[in-house]
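Participant: In case you want the letters, here they are:
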Amino acid sequence: MMTDAAVIMPKRSVKFDGIRAYARLSILITLLIITLILGTLIIQSGPAIFAASESLFTTNWKPSEGVYGIVPMVFGSLFVMLLAMAIALPIGGFAALAISRIKSLRAKRAWRSALEILAGIPSIVYGLIGVAYVSLWVAGAFDLQSGRIILSAGLILSVMILPTFLSLSEDAISTVPAAFRENAQALGLHDYEVELNVILPAAAPAIASAALLSLGRALGETMAVMLVIGSLDRLPSPLFNPLSSGQTITSKLGREVGESAFGSTHFSVLVLMSLILVALTIGLTILSQRLFKQGASR
Amino acid sequence: MSRSVKNHIFSAVTKLALCLCAAVLGFLLLSIMWQGGRAISLDFILSPARDFGTSGGIVFQILGSLLLVVTAALIVLPIAVGTAIYRECYMQLAQNKARLDTVLYALNAIPSISYGIFGLIFFVNILGTGLSWFVGSLILAMMMLPTLTLASHAAMQALPKSYRENAQALGLSQGEIIRHVILPQSSGGIVTGLMISLARAIGETAPIMFIATAFSGVSLPQSLLEPVASLPTHILALAQQSTDPQALQNAWGASLVLVSFVAAFSALAFYIRQKFSHLGQR
Amino acid sequence: MLQNTHLQIVSDQTETAAISMKNFSAYFGEACILSDVSFDVPSRGVTCLIGPSGAGKSTLLRTLNRINGETQTASFTGEVDVLGKPLIEGYPDVTILRRKVGMVFQSPCVFPRSISENVLFGRRDKKLSKTERRTLVETCLKDAGLWSEVSKRLDKPALNLSLGQQQRLCIARALAMTPDILLLDEPTASVDPVSARVIEDLLTRLSSKMTIVMVTHNIAQTKRVADHVVFLCDGQIVEAGAKTDMFSRRSCDKTRTYLTEEFCDC
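Chains as they are written, first to last, in my numbering: chain A, 775 to 1072; chain B, 29 to 310; chain C, 24 to 289.
Calculated directly from the structure, the hints in this document are not laboratory data.
C-beta: ideal position from N, C-alpha, C; glycine also.
Accuracy of the hints is not assured; some may be wrong.
Derived pair list, reagent style DSS-like, types lysine-lysine, alpha-carbon separation capped at 30 angstroms [claimed, not checked]:
id, chain 1, residue 1, chain 2, residue 2
1, C, Lys45, B, Lys34
2, C, Lys45, A, Lys877
3, A, Lys877, B, Lys303
Computed beta-carbon distance windows for the label pairs [claimed, not checked]:
id, chain 1, residue 1, chain 2, residue 2, range
4, A, Ser838, B, Ser75, 41 to 51 angstroms
5, C, Pro180, B, Phe298, 39 to 49 angstroms
6, A, Trp911, B, Ala40, 18 to 28 angstroms
7, B, Ala122, C, Arg220, 37 to 47 angstroms
8, B, Pro106, A, Gln1068, 29 to 39 angstroms
9, A, Val845, B, Ser75, 40 to 50 angstroms
10, A, Asp917, B, Lys125, 50 to 60 angstroms
11, A, Asp945, B, Gln302, 17 to 27 angstroms
Working from the sequences, and respecting the hints, build out all of it.
Facilitator: Here it is as structure tokens:
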């Protein structure tokens, strides 16, 4: 018996494990993909750093004169993102508390599926709504010639990140142990005190993680922003004027990548902007994951 | 201010926020359905586009979109499942698992426009493929990879440990366990993940607009290396001519069709999840 | 099998009842958790609710703090008076009821804050001066028998305390509201035996100041701390009365079996 087993076991393990080879190949492909993407973007943005290094961090963008200042685009991206977050975070946070207060399970489930539908609408459709409604409303409200301005982009973007942020925050709130709520209630605290002093602090890491994730989404969003922001390669004046047209990194890329010649300095600067964007969004997402795990382990 | 007054104010503010969300949700869905409903007809769905899309229908855009995402799904499925198997069954070190997770999250974080630029540089220019259906599908497959891998892995991880232990006790090899226990038992979760990533991929515009699609005059591609038409890029082109009411109306029609596809994939995902969760309980 | 025995606690005290239930029933959806329960809890003293698991003890206790109302499927019938006022109509603002009726749960749940912040967690109504706060914290922690252990580290996180200490902190937190009634749901079930004895002693001390209602599975504990005992089984009251009566030959067979053999066949 013993000898039989000893003879059979090595044979089995020596046998070629097809599944293992297949799984290993798959993971190598996965690793290859991210290496290729990052490598390609880094290599292709190299020429920009050498050829346009003087003008790169200026506010002028004139490809015809060889001046490539990316500051307006970076500023535009951050400005639009901040606007969108300033609108979406408070609304999403309060709405998440409101959903967590709903007692009927059926109503809660209905809200959750509604949010999933909202999150599933493709960004190009949001862009269409921005073009057909939001920019017109904004133009009417502020008496402008064109509603294709930073504010419109911020509004559309806030609606786009709202469902994600809202449903993640609601998840975070509903995973706070019921004992916390009950103990605070048993002390005679009002609902708002329970929520502000007990529930929100306990859910804070996960909510912060949701906010960071939404931030990353907002930064990387292209189609809707590109259609409504007005594509003006200058810093707004005054600087924080949401009623001015502007440009984000993504809208710049969406408009010009197809038109610039591969290999030119112009193209390379665009790739550099894309690399900055990728670095920002990856950084935000990883930070968000860290926060989430930290919250879960507590 | 007394505490109960504060309580009422706070409660009113939360309700107001929720009403605002409901209003936005209602407005979005109603406007898509109402505007799209006016534009849509059997003729619109079944006839090809004319005059740069301002007249005619969207049949080739629908078929092109489906071709793109189905091909992408066929490419990504084996890679995602293989990666998930490797993480679940062959990775021992927690550190390596965390590293792989970071890679997947990073892939998920890369903005879709950057995928498009990567595709343009690497495939179209360096490899010289030209605008083509196949490159579009490849890029979409890359975008679907993290979602599908994470979903497949979650499905495998959710299997009770006892399944694997019992199979091991019967003397099955790791490969046999994967083939006969892990894969069949997690297939529901994998297919659900596939549907979710399909729903997301079919609405993507930015990654394919430089590398796979041509706007007008395209019918069905004759080979993998020809460009296709797609719904999202069609809507983009029409939205840019939004001053033309006819173009705008057709854009709404195409949007409604696109949203219906997204909803169909999501509903399928939901249905499969329900069905398999019942099987799991038995 | 079990007749609907309507029993009143036979109390020698002439004081009015702190809690009085008449024909009270509780349902979760279709399931009947408590059916037709009637009894009075006299003011002061410790009343122990005993009975096998699933008898409805916790539901009864949570009803008195109106914590059950959070579940949508829960519904109630019958009359309940707390401190002379009806439970629902008498307290349109539930927070006022909860400040008069303190509650301590089975597993200690301290908030991730300092020890003194935890004690003062429910005190938000009045602006308390610094000295008043300090006195209140000290009094409550002394009443809860925790002062000597934590007086040096009141500003340290409460989560660093042992489970037994955390549970006493929860009691101190409830005491800071100066409740008239204190409800405890198996307060010693998740703490070590030594802490359990400390908690029992402090309940006995507190019972001269307030009404204490406690759910427990521990017969020996009931014998030690109870003044009155209510024996629940399968959603109904089997017997209720003074402890001395319950533990003597005067109780019914079922009660005696449960109290001596910790076994119940209903």
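Participant: Hints numbered earlier in the text: which of these fail when held up against the supplied structure?
Facilitator: 1
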